[in-house]
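Q: Please build the complex by placing chain B on the supplied structure of chain A, with the hints as guidance.
2 protein chains.
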Amino acid sequence: MNLVLLFEQDFIAPGRARLEGRRLAHVAGIHRAAVGGSLMVGVANGRMGRGLITRLDPTTLEMEVALDQDPPPKLPLTLILALPRPKVLNRALAAATSLGAARIVLINAWKVEKSYWKSPRLSDENLLLQRVLGLEQSKDTVLPELRLARFFKTFVEDELPALMKNTLPLVAHPGAADPCPRDAAKPVTLAIGPEGGWLDAEVQRLVETGFQPVDLGHRILRVETALASLVGRLF
Amino acid sequence: MNLVLLFEQDFIAPGRARLEGRRLAHVAGIHRAAVGGSLMVGVANGRMGRGLITRLDPTTLEMEVALDQDPPPKLPLTLILALPRPKVLNRALAAATSLGAARIVLINAWKVEKSYWKSPRLSDENLLLQRVLGLEQSKDTVLPELRLARFFKTFVEDELPALMKNTLPLVAHPGAADPCPRDAAKPVTLAIGPEGGWLDAEVQRLVETGFQPVDLGHRILRVETALASLVGRLF
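Note that the protein sequences, when read in sequence, are chains A and B. Per my numbering, the very first residue in the first sequence carries number 6; after that it's consecutive. Per my numbering, the very first residue in the second sequence carries number 6; after that it's consecutive.
Only chain A is shown next, with the shape it has when bound in the complex (with noise of 0.2 Å):
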């Protein structure tokens, strides 16, 4: 955690924050934080800045706040991202968070079991929590934008086309023709497939709606290492 993140609710008074639970047992057990110390801070969507901590016991803690840094600016990328396994689901939104993805779109393919959209990590809580993780890592307030596409073609019809608008949009696939291209000189729509793959059709409907299918080499990466890594390329 290398920035406590604050929300509204979190404001007992203007300037004034309180800690509880997680974050709370974060900061004294592993900052080993104390009264007259001060953390690094930020407020969900705003700026950041330091909180002073005024108060500490084993159940609260409380600071004042001055906020005097706008956060780092967002990734020019939209993320459109198979629903990985729930196991691995965490993780991906978390890589994808920090590596500073303005919005992420977790979209169905044929590979997706139906049960991962079962899963009660896709809870609104699990997904914000795992967005807070990556803006805490990073040092970032900005939420990344999260869309859940339950239908990849009524999704790809109605609503990519206008998602994709004045960007490059690149599908990654093995043994596509091009290798990922390196620094992209304007905003990237990045669509990562499924731990099998996306079917020959899907890839085919996406290059249908404008996309140009990318291949990332002979190795198989984890899908948050594939991220990072593609990230790294093209920005």
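It is possible that part of the hints are untrue.
Pairs involving identical chains hold if they fit within one copy or between any two copies, as the list cannot separate such chains.
Here are the simulated lysine-lysine pairs, DSSO-like style, with alpha carbons at most 30 Å apart [said to hold, decoys possible]:
#, residue 1, residue 2
1, K144, K92
2, K144, K119
3, K144, K116
4, K92, K79
5, K123, K158
6, K92, K158
7, K158, K116
For the record, the hints were derived by calculation from the structure and aren't laboratory data. Quick caveat: nothing in here was measured; it's all calculated off a predicted structure.
A: Okay, now just chain B, sitting in the frame of chain A:
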């Protein structure tokens, strides 16, 4: 597991291998392996191919192995990684291996807690297992060379000059004047510091040895995310 990595002791006869334990549980449970089916296999530090399953019971799987492919080339990358805390070590080793790093050095730094060097995760068995997991993920057979450098100064003075010869030596350091270069045209030696960063004196010592400090941007990334992003950028 996209490839089952086999070791000499797995062979019960030429071309016949037997699996038990972790690998059996994985291919039986996740891959739903069955007699007559086949698996992608590779021999540690050797060739890759298919294994035709000839016997499967709850404790043993046997297969006939035919090896007809070379493993993918390693990345010309020596990674000098400040020893991460134990929880992070496994992920970082598996990720570095899956990305194809040819050599990994786990090195001490001022901000590496001494207790990390006593972690059971530094056992030979675990250090091998994490690299095997990375190879199984990325369909590779060649174990990256691994060294433990318990003493920063000794390693940097006595061993590093030979290791980094004819490579581009880079040290990741937030706030460095230069960004990380793209598309390195030669092998790279890449030093990544601990969670709290390198001391200035440590960076200085590396600079005196020939390293160039490079900045990675505003965001603080987990070591395995930073690593993947740098590899995507450099290669």
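Q: Going through the numbered hints above, which ones does this structure break? Give me the numbers in ascending order.
A: Those not satisfied: there are none.
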